[in-house]
Each structure stands twice: as C-alpha cells, then as structure tokens.
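Participant: Given next are the chains, with one letter for each unit.
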Amino acid sequence: MKGLLIKDLLLLKNQQRFFLLFFLMSAGMLLADFNSVFVINYVTMIFSLFTLSSISYDEFDNGYAFLFTLPINRNQYAAEKYVFGLVTGGFAWIVVTVFAVAMNFFKGRAGAGELVGMAFLYLFISLLFLAVVVPVQLKFGAEKGRNVLICIVGAIFAAGFVMIKAAKTLQLDFLSTAVASLSPGLVIAAVPIISLAAVFVSYFISVNIMKKKQF
Amino acid sequence: MKIIINNSSMQPLYDQITEQIKCGVMQGTLKEGENLPSVRTLAKELRISALTVKKSYDILEQEGFIVTVHGKGSFIAYASQEFMLEEKKKEVEAELESAIRKGRSCGMKDEELTDLFYLILED
Amino acid sequence: MLLEMENIQKTYGDFTLNCSLKLQSGYITGLIGTNGAGKTTLFKSALGLITLDQGEVKIFDKPFSQLSLKERQDMGVVLADSGFSGYLTIQDIARIMKNMYQLFDQDRFFKKCKESGLPLNKRGKDLSAGMKAKVRVLAAMSHEAKLLILDEPTAGLDVLAREELLDSIREYMEPGDRSILISSHISTDLEQLCDDLYLIDNGNIVLHEETDVLLGSYGLLKVTEEQEQKLDKKYILRRKKEAYGYRLLTDKIGFYRESQPEIVMEKGSVDEVITMMIRGERL
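Protein chains in written order, with the numbering used here: chain A, 226 to 440; chain B, 48 to 170; chain C, 15 to 297.
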C-alpha cells in the first residue's frame with residue numbers, strides 16, 4: 226500500500242495551485258471571523274475529496290489495467306483510498322484546527338476546548354462523508370460518480386426536509402423533545418462509532434466493487 | 048573465431064553454426080579446450096533464438112566435438128581436431144574410391160587414371 | 015512451467031478467445047497476430063485483469079489468484095494500451111517502484127534511462143510515443159523479474175529503437191533464469207528473438223512451432239497446376255491459388271528439396287507462414 230500512497234501523493238503535486246488558493250481562502254475566512262467550526266469542517270471535507278481525484282487519475286487513459294499488474298491486489302487498492310483520504314483530510318484538519326485555536330487565543334476568546342471538541346466531531350463526520358463518496362466514485366467512475374453524488378446529497382436533504390415537515394404536520398413533537406433530551410455524551414460517543422462503522426461497511430462494499438471490475 | 052550466419056540461405060541456422068564450428072576446429076582457429084560463448088551470448092550476438100544455438104551445441108556434443116560442463120560452459124573437446132581430420136580423410140578415401148570405380152566402369156585403364164590424377168594435382 | 019493457459023475461453027460480443035499456451039522456463043516465447051487477433055485479450059486474462067468464461071491460468075505453477083504479493087514482484091509487465099499515469103515523471107515512477115518491488119535497482123534504472131536519452135523530470139504525457147514505450151520496458155526490467163510479459167513493447171518505435179529494445183531484452187535473458195512472453199504484430203522482431211512462436215488469428219492459435227523449425231523446415235513451394243497434381247502432398251499444410259498455379263506451404267521442405275529439387279522453393283519467413291496458415295486452403 227505504501228507504493229500506492231506515494232503514487233497518489235506524487236500526483237497531488239499537480240494541484241499545487243489549488244492548495245495554495247485554498248489555504249489562503251481558509252486563512253482569510255478565519256481572519257475575517259467566520260465560524261471556525263464551519264471552516265474546519267469545510268476544509269477537512271474538501272481535502273478528503275482528494276481521494277476522489279486520485280481515483281480519477283487512476284482511471285485516466287486506461288490506467289487501471291497497468292495498475293493492477295503491479296504487485297497489489299483489489300483489497301489494498303480500496304483500503305488505500307480511505308487511508309489517503311484520512312491522510313490528506315487529517316493533515317488539513319490539523320493545520321486548520323491549530324490555526325483556528327491560535328486565532329481564538331490571539332483574539333482573546335475562551336472556549337478553545339469546545340472548539341477542539343467540535344473539530345474532532347467534524348473530523349469523524351468527514352470520515353462518514355468519505356464512506357459514502359468512495360464506493361460511489363469507484364462504482365460509477367469520475368464523471369458519472371459526480372452526478373450520482375449530487376443526486377444522493379440532494380436526496381438526503383430532500384428526505385430530511387420531508388421528515389421535518391412530516392413531523393411538524395403530524396405534530397410529532399415528542400420526537401424533537403426526545404432528541405433534545407439525549408445526553409450530549411451519548412451523541413459525542415455515537416458519532417465516531419457510527420463513522421467508523423460506516424467506513425468499515427463502505428470498505429467492504431468498495432472491495433466488492435473492485436473485485437467485480439474487469440480491465 | 049567469429050561465426051557468421053546467412054539468414055537467407057536454405058541451410059538451417061543450427062546446421063550453419065555446427066558446420067562453422069567444425070571448420071574452425073579443423074583449421075585450428077578453434078583450439079582444443081577453448082571456451083565457446085554461452086548459448087545466450089551467442090544467440091545475442093547472432094540475433095537468433097537461444098534454442099537454435101542450443102541445438103547446434105547439443106549436436107556438436109553428441110558427435111563428440113564439444114564438452115559441456117554444467118556451470119562452466121562449453122569447451123572444444125580434446126583430440127577433436129585429429130578426430131575431424133580422420134573423418135575428412137575417410138571422406139576423401141571414399142570419394143577417390145568412387146571416382147576410380149566410375150573410371151573403371153567406363154573402360155579407363157589404371158595408367159590413364161593415375162595420369163589423370165597427377166594432372167589434376169598439378170593444377 | 016512459468017505460464018500455463020489451458021483451454022481458456024473468453025467472449026466479447028462476436029469475438030471469442032479460445033486457446034492454450036505454455037511458457038517454459040528460460041524461453042522467450044512469442045505471440046504473433048494482427049491487431050484484433052486476440053493478443054491483448056490473452057495477456058489480460060493471463061494477468062488477472064479480466065475473468066475467463068472457461069479454463070485456467072497458472073503462473074509459477076499456481077492459479078493467478080493464489081500468487082502472493084511477493085511472487086507478483088517476480089513479474090514485470092508491459093501493456094500496449096496502459097501504463098503509469100501520464101502525470102508522473104520518471105523520477106516519480108522510480109520512487110513508486112522502489113516501494114513496490116524489493117529488488118528494484120534505482121541506480122541502474124536511472125542509468126539506463128539516461129543512456130536512452132530519457133529526461134527524468136518530464137511528465138509521462140510530455141514524452142514522445144517512443145520514449146513512453148522505452149520507459150515501460152525499462153521499468154519492467156528494473157526489478158529482476160523472473161517472468162516478463164510484454165504486450166507489443168515495440169509498438170510506435172522506429173527501426174533503430176526497436177533494435178535497441180530487442181538487444182536489451184536479449185541482454186536481460188543472459189543470466190538464464192528468466193522467461194519472457196512477448197507479443198507483436200511485427201514478425202521480423204520476433205523471428206530473431208524468440209525460441210518458439212504462437213500464431214494467433216481471430217482468437218485461435220493457428221500454429222505453434224519452434225522458431226528454428228519455422229525458419230529451417232518450413233518453406234514455400236511455387237508450382238504450376240500440373241506439378242501440383244503430381245506432387246506428393248503428404249507434407250503440404252496449406253495451398254493458395256496464384257496466377258502461375260499454386261503456392262504451397264510445407265513444414266518439411268527438406269523432403270521436397272531432396273525428392274524434387276527442380277521445384278521453385280523458398281525459405282519460410284514468419285510473415286509468409288502466417289499468411290498461408292490464415293488465408294491458405296487447408297489440405
């Protein structure tokens with residue numbers, strides 16, 4: 226897997242301008258006092274999207290055929306995509322979080338602990354995101370995959386919207402009170418567990434998709 | 048010695064190689080005990096398949112002209128030069144016999160045959 | 015047996031690949047065929063890139079799926095239509111290979127690249143077709159692989175570059191414990207390199223013979239209609255009608271040379287044998 230990681234990292238060299246732009250933008254947003262948590266979340270997600278572009282590179286020009294003649298197998302290939310997403314996303318997360326905390330400190334605000342706590346939460350949410358996005362990209366490829374993802378995200382929002390509307394109409398207030406009464410500790414514990422579980426499930430789906438592929 | 052093969056000749060390649068090595072031995076350009084190039088090296092130099100070279104080496108070994116030592120390579124066998132000369136002498140003998148028989152069968156006398164023989168020798 | 019494909023079958027639309035092939039240890043085995051004959055399909059099935067409808071592929075005497083990753087390092091591959099990403103430079107490729115192949119010799123790889131005039135810092139997509147082909151072959155030969163599988167490695171190369179490449183393949187074979195399966199549609203390249211040849215046409219193996227025998231015992235007889243009628247056709251494989259009478263392919267030209275030396279005869283070149291085997295009438 227090390228070889229695959231090196232390959233994907235070397236391919237990132239091609240996107241240096243994007244990196245620079247992005248970091249400048251995020252730095253700007255933090256300086257301009259945007260909600261730090263939002264920025265952390267945003268940056269981390271964008272960076273884990275590099276996994277998607279690495280899949281694009283692999284696909285390009287029939288690259289997959291040769292790739293699988295190298296001493297790797299389909300399991301490794303799938304696993305590396307998650308690891309890569311974590312490495313790139315994780316790196317961005319650390320940088321932005323540190324910067325945000327530093328900003329907080331210099332602006333003389335309290336609540337650094339809460340900030341870091343929320344940051345961690347969003348790290349796991351990024352993992353969840355990765356868990357959804359990787360198998361879709363592997364199955365449908367770069368072009369189609371993007372369209373599928375737009376539909377999925379749209380569907381999730383739509384479903385959420387419908388559910389809230391339905392709850393309001395049917396006056397299912399008890400649901401919202403039930404949710405509000407959940408202890409924060411439970412929520413905080415649930416998120417990582419759900420994300421990690423999602424990643425595992427996603428990995429198995431991805432391996433399955435890769436095993437069925439022919440080049 | 049350098050082996051040169053003719054790709055357009057009707058003679059099979061392995062035969063050309065075998066023949067040239069035997070010639071080399073007879074003429075003394077290949078000395079007894081001399082190390083021949085490895086099968087692959089010769090194949091590379093001649094730009095032909097290694098299997099072809101192996102065939103000629105196998106034939107030469109069968110006929111006793113070379114000896115292959117595993118791990119060390121192939122060498123011209125000792126006494127192969129004398130052996131070849133003996134072979135050739137026998138061939139000359141047989142051809143002379145056949146010429147004499149032919150001469151006699153069309154009525155030539157022994158004197159005529161020897162005269163002819165010396166005439167040709169002087170050419 | 016380094017590579018063994020037994021009665022494999024794969025169908026794509028109206029094309030069906032159906033054949034058997036063996037690569038013995040220490041051999042260079044060639045696969046010749048026109049474009050679309052099935053060479054690449056055969057290679058891809060040998061490499062586990064496509065699944066077979068029937069039949070089995072064994073590499074190093076094991077089914078492909080059972081090879082350990084370490085054993086996979088003993089293979090070097092060149093594909094006709096696929097390689098490292100064009101966004102990687104030769105130096106990038108070396109770094110990746112170093113981490114995938116234990117026996118990758120980076121210094122030697124760079125040395126060979128420089129000798130061939132390949133710029134180490136240019137990205138693959140900025141290299142000419144010839145340079146791309148060279149990098150692929152050099153990469154495959156850079157890690158002491160015992161089995162090389164080369165699909166059309168000389169495609170897109172000019173005559174000189176092809177010679178160089180064939181020479182480097184011969185050099186690669188010198189240690190003696192390596193084997194190569196190589197395909198091409200340029201038969202003269204394979205004539206001078208391979209120990210045995212498989213001719214493939216329309217998904218089927220039409221002929222399998224040692225190169226030696228192909229060049230030495232196979233031949234063409236050019237005969238008039240009369241001669242053809244009187245001829246002993248025991249060793250005639252194929253027949254083709256020509257303006258002067260018939261062109262005949264035999265695998266025992268020695269027989270005809272001795273029995274009927276007056277007939278016009280030519281040595282078989284691989285190209286001619288292919289044409290006759292595919293287009294000629296079976297006898």
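Derived by calculation from the structure, the hints in this document are not laboratory data. Fair warning: this is a prediction, and the values are worked out from it, not measured in the lab. Hints may be right or wrong, so weigh each one.
Said to hold, decoys possible - Okay, derived cross-link-like pairs now, SDA-like style, lysine to any residue, Cα gap no bigger than 25 Å in a straight line:
| id | chain 1 | residue 1 | chain 2 | residue 2 |
| --- | --- | --- | --- | --- |
| 1 | C | K112 | A | N239 |
| 2 | C | K72 | A | F440 |
| 3 | C | K84 | C | K112 |
| 4 | C | K112 | A | I297 |
| 5 | A | K238 | C | D121 |
| 6 | C | K136 | A | F285 |
| 7 | C | K139 | A | L235 |
| 8 | C | K146 | A | L234 |
| 9 | A | K438 | C | D28 |
| 10 | B | K101 | C | V227 |
| 11 | A | K436 | C | Q68 |
| 12 | A | K227 | C | G50 |
| 13 | A | K438 | C | E178 |
| 14 | C | K160 | B | T88 |
| 15 | C | K236 | B | P59 |
| 16 | C | K136 | A | D286 |
| 17 | C | K76 | A | I297 |
| 18 | A | K436 | C | F74 |
| 19 | A | K437 | C | D121 |
| 20 | C | K128 | A | E284 |
| 21 | C | K244 | B | K101 |
| 22 | A | K438 | C | K125 |
| 23 | C | K84 | A | A391 |
| 24 | A | K369 | C | D95 |
| 25 | A | K364 | C | I64 |
| 26 | A | K436 | C | D67 |
| 27 | B | K49 | C | L83 |
| 28 | C | K72 | A | P296 |
| 29 | C | K125 | A | I231 |
| 30 | C | K76 | A | Y289 |
| 31 | A | K437 | C | S79 |
| 32 | A | K438 | C | K244 |
| 33 | C | K76 | A | N300 |
| 34 | C | K125 | A | K369 |
| 35 | C | K112 | A | G338 |
| 36 | C | K112 | A | K437 |
| 37 | B | K119 | C | Q38 |
| 38 | C | K266 | B | I52 |
| 39 | C | K236 | C | G259 |
Participant: State for each hint whether it applies.
Facilitator: Quick rundown of the hints versus the structure:
For the suggested pair K112 (chain C) and N239 (chain A), the alpha carbons sit about 21 Å apart, so the restraint of at most 25 Å is met. For the suggested pair K72 (chain C) and F440 (chain A), the alpha carbons sit about 19 Å apart, so the restraint of at most 25 Å is met. Annotation: proposed proximity of K84 (chain C) to K112 (chain C) holds, straight-line Cα distance about 14 Å (limit 25 Å). With a CA separation close to 14 Å, the supplied pair K112 (chain C) and I297 (chain A) stays within the 25 Å bound.
A distance of roughly 24 Å separates the Cα atoms of K238 (chain A) and D121 (chain C); the hinted pair therefore holds under the 25 Å criterion. For the suggested pair K136 (chain C) and F285 (chain A), the alpha carbons sit about 18 Å apart, so the restraint of at most 25 Å is met. Only pairs whose Cα atoms come within 25 Å are accepted, and K139 (chain C) paired with L235 (chain A) is accepted, the gap being roughly 15 Å. This hinted pair checks out: K146 (chain C) and L234 (chain A) have alpha carbons roughly 22 Å apart, not beyond 25 Å.
In summary, the hint linking K438 (chain A) to D28 (chain C) is supported, as the alpha carbons are separated by about 21 Å, within the 25 Å threshold. A hinted pair counts as satisfied when its Cα atoms are at most 25 Å apart, and K101 (chain B) with V227 (chain C) qualifies at roughly 13 Å. For a cut-off of 25 Å, the pair hint linking K436 (chain A) to Q68 (chain C) stands: about 18 Å separates their Cα positions. A distance of roughly 37 Å separates the Cα atoms of K227 (chain A) and G50 (chain C); the hinted pair therefore is violated under the 25 Å criterion.
For the hint linking K438 (chain A) to E178 (chain C), the alpha-carbon distance of about 37 Å lies beyond 25 Å, and the restraint is violated. Using a Cα cut-off of 25 Å, the hinted pair K160 (chain C) and T88 (chain B) holds, with the two alpha carbons roughly 18 Å apart. About 20 Å separates the Cα atoms of K236 (chain C) and P59 (chain B), which keeps this hinted pair within 25 Å; it holds. Distance restraint check for K136 (chain C) and D286 (chain A): the Cα-Cα separation of roughly 18 Å lies within the 25 Å cut-off, and the hinted pair is therefore satisfied.
For the suggested pair K76 (chain C) and I297 (chain A), the alpha carbons sit about 17 Å apart, so the restraint of at most 25 Å is met. A distance of roughly 22 Å separates the Cα atoms of K436 (chain A) and F74 (chain C); the hinted pair therefore holds under the 25 Å criterion. Between K437 (chain A) and D121 (chain C), the direct Cα distance comes to roughly 38 Å. Violation of the 25 Å bound is thereby established for this hinted pair. With a CA separation close to 29 Å, the supplied pair K128 (chain C) and E284 (chain A) exceeds the 25 Å bound.
Between K244 (chain C) and K101 (chain B) the alpha-carbon distance is near 38 Å, which puts this suggested pair outside the 25 Å criterion. For the hint pairing K438 (chain A) with K125 (chain C), the CA-to-CA distance comes to about 37 Å; that exceeds 25 Å, so the pair is violated. At roughly 58 Å between alpha-carbon atoms, K84 (chain C) and A391 (chain A) are farther apart than 25 Å, so this suggested pair is violated. Between K369 (chain A) and D95 (chain C) the CA atoms are separated by roughly 23 Å; this keeps the pair inside 25 Å, and the hint holds.
At most 25 Å may separate the alpha-carbon atoms for a hinted pair to count; K364 (chain A) and I64 (chain C) meet this at roughly 17 Å. Straight-line distance between C-alpha atoms of K436 (chain A) and D67 (chain C) comes to about 16 Å, which keeps the hinted pair within the 25 Å bound. Restraint check for K49 (chain B) and L83 (chain C): the C-alpha separation of about 45 Å exceeds 25 Å, so the hint is violated. Restraint check for K72 (chain C) and P296 (chain A): the C-alpha separation of about 16 Å stays at or below 25 Å, so the hint holds.
Note on K125 (chain C) and I231 (chain A): the hinted pairing holds, with a Cα-Cα distance of about 22 Å set against a maximum of 25 Å. Distance check on the hinted pair: K76 (chain C) and Y289 (chain A) sit about 24 Å apart at the alpha-carbon level, within 25 Å; holds. Restraint check for K437 (chain A) and S79 (chain C): the C-alpha separation of about 14 Å stays at or below 25 Å, so the hint holds. Taken as a hint, the K438 (chain A) and K244 (chain C) pair is broken in the structure, with Cα atoms around 58 Å apart against an allowance of 25 Å.
For the proposed pair K76 (chain C) and N300 (chain A), the alpha carbon gap of about 20 Å is at most 25 Å, so the pair holds. Of the supplied pair hints, the one linking K125 (chain C) and K369 (chain A) is violated, its CA atoms being roughly 43 Å apart against a limit of 25 Å. Note on K112 (chain C) and G338 (chain A): the hinted pairing is violated, with a Cα-Cα distance of about 43 Å set against a maximum of 25 Å. Of the supplied pair hints, the one linking K112 (chain C) and K437 (chain A) is violated, its CA atoms being roughly 29 Å apart against a limit of 25 Å.
The straight-line distance between the Cα atoms of K119 (chain B) and Q38 (chain C) is roughly 23 Å, inside the 25 Å bound, and the hint therefore holds. At roughly 21 Å between alpha-carbon atoms, K266 (chain C) and I52 (chain B) fall within 25 Å of each other, so this suggested pair holds. Restraint check for K236 (chain C) and G259 (chain C): satisfied, since their Cα atoms lie roughly 8 Å apart, inside the 25 Å limit.
Taken one by one, the earlier hints fail for this structure at numbers 12, 13, 19, 20, 21, 22, 23, 27, 32, 34, 35 and 36, listed in ascending order.
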